[in-house]
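**Student:** Chain by chain, the residues run as shown.
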Amino acid sequence: NAGVTQTPKFQVLKTGQSMTLQCAQDMNHNSMYWYRQDPGMGLRLIYYSASEGTTDKGEVPNGYNVSRLNKREFSLRLESAAPSQTSVYFCASSEALAQTPRGPQYFGPGTRLLVL
Amino acid sequence: AQSVAQPEDQVNVAEGNPLTVKCTYSVSGNPYLFWYVQYPNRGLQFLLKYITGDNLVKGSYGFEAEFNKSQTSFHLKKPSALVSDSALYFCAVRDIGGEGGNKLTFGTGTQLKVEL
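Top to bottom, those sequences are chains A and B. First residue of the first sequence? That's 70 in our numbering, and the numbers climb one at a time after it. First residue of the second sequence? That's 6 in our numbering, and the numbers climb one at a time after it.
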């Protein structure tokens with residue numbers, strides 16, 4: 070039981086390049102999330118998917134797109150990377166967003182992204 | 006809008022002494038409250054949660070937290086700190102029935118340093 074896995078662990082991009090961050094969970098959770106973590110700012114929600122087939126914007130969605138590929142997988146895409154997107158990105162999952170709001174979120178190990 | 010405040014960027018405590026990491030929150034509905042811990046280069050790990058019931062909640066690794074509705078606080082405590090408790094701690098709140106749409110909002114984190 071791996072929990073939440075993320076790939077890659079670390080990536081360096083040049084400004085304007087694109088990339089996709091992958092996330093998968095094996096806990097049969099309905100809801101999945103993408104956050105970014107920056108020093109002194111805590112975690113900020115980029116996008117979330119309450120259930121398979123749905124996605125919604127979070128607090129800081131600009132410059133990102135997401136795809137909920139199936140119940141297990143939720144990817145985050147940077148179409149044209151900018152230095153301001155240098156951050157640590159975390160994927161998380163939880164039981165259903167609205168139907169079971171009590172559950173905690175479980176986090177992956179993170180992807181460290183550096184945009185030059 | 007819901008918010009979480011962790012007023013201390015860093016807390017220093019000697020091993021064996023009690024520790025407290027402070028958290029206050031603001032919601033328009035009912036709060037579901039969580040504490041997470043993050044070790045270096047790792048994702049966030051769930052420690053404990055308050056949903057309803059007893060104001061004193063016990064969690065992993067000997068941690069506990071006290072919910073105080075009148076002071077809108079949810080401070081994390083441990084009777085006897087260990088050097089291995091040194092990490093970054095995040096408080097988070099979910100606004101149930103309020104304006105937050107059941108999303109989780111994180112504080113900016115408190116670095117706990119336990120010294121011999």
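None of these hints come from the bench; they were simulated from the model. Hints should not be assumed to be uniformly reliable.
Unchecked claim - Here are the computed lysine to any residue pairs in the SDA-like style, where the Cα-Cα straight-line distance is at most 20 Å:
{"#": "1", "chain 1": "B", "residue 1": "LYS108", "chain 2": "A", "residue 2": "ASN99"}
{"#": "2", "chain 1": "B", "residue 1": "LYS118", "chain 2": "B", "residue 2": "ASN60"}
{"#": "3", "chain 1": "B", "residue 1": "LYS54", "chain 2": "A", "residue 2": "GLY172"}
{"#": "4", "chain 1": "A", "residue 1": "LYS78", "chain 2": "B", "residue 2": "ASN46"}
{"#": "5", "chain 1": "B", "residue 1": "LYS118", "chain 2": "B", "residue 2": "GLN43"}
Fair warning: this is a prediction, and the values are worked out from it, not measured in the lab.
**Student:** For every hint, state whether the structure bears it out.
**Tutor:** Quick rundown of the hints versus the structure:
1. B/LYS108 x A/ASN99: Cα-Cα ~14 Å, so holds.
2. B/LYS118 x B/ASN60: The hint is violated at about 26 Å.
3. B/LYS54 x A/GLY172: Cα-Cα ~9 Å, so holds.
4. A/LYS78 x B/ASN46: holds (10 Å)
5. B/LYS118 x B/GLN43: Measuring from Cα to Cα gives roughly 13 Å; hence the hint holds.
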